[in-house]
Amino acid sequence: MNHWDENDFRRLAFDYVRGDLNEEDATAIENRMIDSPAYREYVQRIDSMIGAARKSPPEAEQTIDADSLFSRIESSILAADQPPVVDSSDASDEVVDSRRNRLIWPALAMAAALVLVGVWFATSQSSDTAITQPKPVVAVVETSEPVVVAVAEPRISVAPVDSPDPEVHIFASKDAKFEMDGKFDKRLVLEDGTLLVEFIPESGVRLSVQGKSFEVRVVGTIFYASTDGEGLVGVVAGEVLVTPESGGPVSVKAGQEYVVGEGLRTSNSDRMAEAKLHVDVERHLDLLAARRVVKDAPIIRRKVVEPERLAPEHADLRNAANQLIRRGDVEGGAKMLEKLLGMLDANEPAAGSIRLDLARIYLRRLNRPQQAAIHLKRFVTTRPNDAATPLARSEYCRILSSGGRHDELCP
Amino acid sequence: MTQQAKVQFDPEAALIEAASAGDMSAFRALYDLHLPFVTRAVARLLGRSPEFEDVVQEAFIQVFRSLGSYRGECAFTTWLYRVARNVSIDHLRKRRITTVELDAWRPLAADSDEWAKLEARDLCRVLYATLDAMSVEHREVFVLHEVEGMKLREIAELTNESINTVAARVRRTRERLQAVLENTMREIDP
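Protein chains in written order, with the working numbering: chain R, 1 to 411; chain Y, 1 to 190.
Source of the hints: derived by calculation from the structure; they are not laboratory data. Be aware that a few hints might be false.
For lysine-lysine, the following BS3-like pairs were computed, each having C-alpha atoms within a straight-line distance of at most 30 Å [stated by the list, open to error]: (1) R:335 - R:55; (2) Y:151 - R:339; (3) R:55 - R:339; (4) R:177 - Y:151; (5) Y:151 - Y:94.
Cβ-to-Cβ under 7 Å is the rule here; a few derived chain R residues that face chain Y [unchecked claim]: (6) 14; (7) 16; (8) 49.
Here are the simulated distance ranges between beta carbons [unchecked claim]: (9) R:18 - Y:68: 47 to 53 Å; (10) R:311 - Y:183: 22 to 28 Å; (11) R:30 - Y:14: 34 to 40 Å.
Computed from a prediction, not measured in an experiment: that's the story for all the values here. Glycine included, each C-beta is placed from N, C-alpha and C at the ideal position.
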């Protein structure tokens, strides 16, 4: 017979939930739970709390984008390894360019999901760089989706200007001096002043921005940069890779600023507020959403020969799922797509397309390769003649292989 | 009779060796293999944290830098866990907690299934909010013991503390949680 007081019972509830009590003590706890509903609830809460923690916070796991994260890890590693650039000979440039290229392409590949990018952009007032001989220091942005680019000083005053290019909307300070040319490889050279630039490209169009003392590569959504001091880049939403004139690329995420020569720090709140005055984030997200409906590609870009027709109610469901995903509820969007898939004939082209979308979501957004594998396998078996099948099979086999498994579908 | 030893190819060991020599492709393969493991380890120690992804990132950077020191004395995942744990604890030590937010814990109207899920989620927040108000050492041993399911002796070995110290930290954290749970229950059933 145990002679525990109320405090003992409550203390030992943890051991009971862990299964650490002997049979006699466990029985005493259970009897107490029968006698006291309050105690039973207390034990159940501990069990529920520890159980939820054991599953780990699901939000954290779901938000990991493995490719994006690895890109940042690689950037940091290479940045730390990179020797200082002390002269501008061709040989040195080749080394640096090679390293940068290794960083750029994984980052840009990851940016395939990017629809909207904001960059706020300025030069120091005293820049004496000739506009005809710009220093090759700012970014190359490649994405098939809309991009907003801006660089700025902490306090700016800009107004819209007539842009020679309908894909590039420019807001400039009174003292801004800049030039822009190029059709598919657009080139913006900023000599002086401050610019806010919205870049909404068609597929395959690039924007190259040249500033003074740093390089900005777009990875995420909205950021600002300034040549104030030695240079500064801050991110409003998403993330960017910043490459200062000397040193390797650094990943800067939302709410952070990278100060050249100093490192990362929390964004200046005034600058963030100022940035949001000039860049209408909501409007650009809407724009992003509109573009994504058309352009968001599945993990494998399909060349579908057969028409994909969805009944109106199915189309509505798909649009609703896409909207959920765009708003960040990836889990909810995936569930909706699964529901839609259940309504469709497995052999419909649209079902194949949705399977590929789901595979991409599970793989890239939800970090659930096994669920991605299920959809990829189903795609391969139901659509053996689809143009995307070889790649889907390859991706499926890669997932299986990474888990040490094999399937007869894999050669 | 001479027994001929079989030479077995260990793909993970090959990846570790290549990655420690700077092969980024091999490191990427290791990353893909172990990202879920490291993610969970960090998530459990940190709870909901806006810096969660940064900590995972830093953990893998440390893994890359330290791979050369891995001699195979323990399972790679054990070594990996230690790296992730050290980075997480460094992060927690640097972080300043000035207030503890328990406001998220509110009973909501929902059906029984939804209710159970919401309650579990909110209780998890209560747990980490409580842990936020305690020392990193208390937090670590509690998570390792109650959440990871490690034995006190194993935690003592991992943290280089005595079993008594570890046990005392678990007990102290339980008492704190006990008080928090009792208070929240009173809020619902005054």
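**Item:** Status of the given 22 to 28 Å range, CB of residue 183 (chain Y) versus CB of residue 311 (chain R)
**Value:** violated (53 Å)
**Hint check for residue 68 (chain Y) and residue 18 (chain R) - Cβ pair distance inside 47 to 53 Å** = violated (38 Å)
**Request:** Take a quick look at whether residue 151 (chain Y) and residue 339 (chain R) sit within 30 Å of each other, Cα to Cα.
**Result:** Violated. Residue 151 (chain Y) to residue 339 (chain R) sits at ~43 Å, over the 30 Å cutoff.
**Prompt:** When you check the alpha-carbon spacing of residue 177 (chain R) and residue 151 (chain Y), does it fall within 30 Å?
**Reply:** With Cα atoms ~67 Å apart, residue 177 (chain R) and residue 151 (chain Y) exceed 30 Å; violated.
**Message:** Checking one constraint from the list: CA of residue 151 (chain Y) to CA of residue 94 (chain Y), max 30 Å. Satisfied?
**Reply:** holds (27 Å)
**Request:** Against chain Y, run the beta carbon of residue 14 (chain R) and see if the smallest gap drops under 7 Å.
**Result:** holds (5 Å)
**Prompt:** For the pair residue 30 (chain R) and residue 14 (chain Y), does the Cβ-Cβ distance stay inside 34 to 40 Å?
**Reply:** Because 52 Å falls outside the window, the suggested range is violated.
**Prompt:** Taking the least C-beta to C-beta distance, is residue 16 (chain R) closer than 7 Å to chain Y?
**Reply:** violated (12 Å)
**Item:** Hint consistency between residue 335 (chain R) and residue 55 (chain R) [alpha-carbon to alpha-carbon, up to 30 Å]
**Value:** The given pair, whose Cα atoms are some 20 Å apart, holds under the 30 Å limit.
**Message:** Less than 7 Å between beta-carbons is the criterion; does residue 49 (chain R) satisfy it with respect to chain Y?
**Reply:** holds (4 Å)
**Message:** Checking one constraint from the list: CA of residue 55 (chain R) to CA of residue 339 (chain R), max 30 Å. Satisfied?
**Reply:** holds (25 Å)
The structure fails hints 2, 4, 7, 9, 10 and 11 (numbered hints given earlier, in ascending order).
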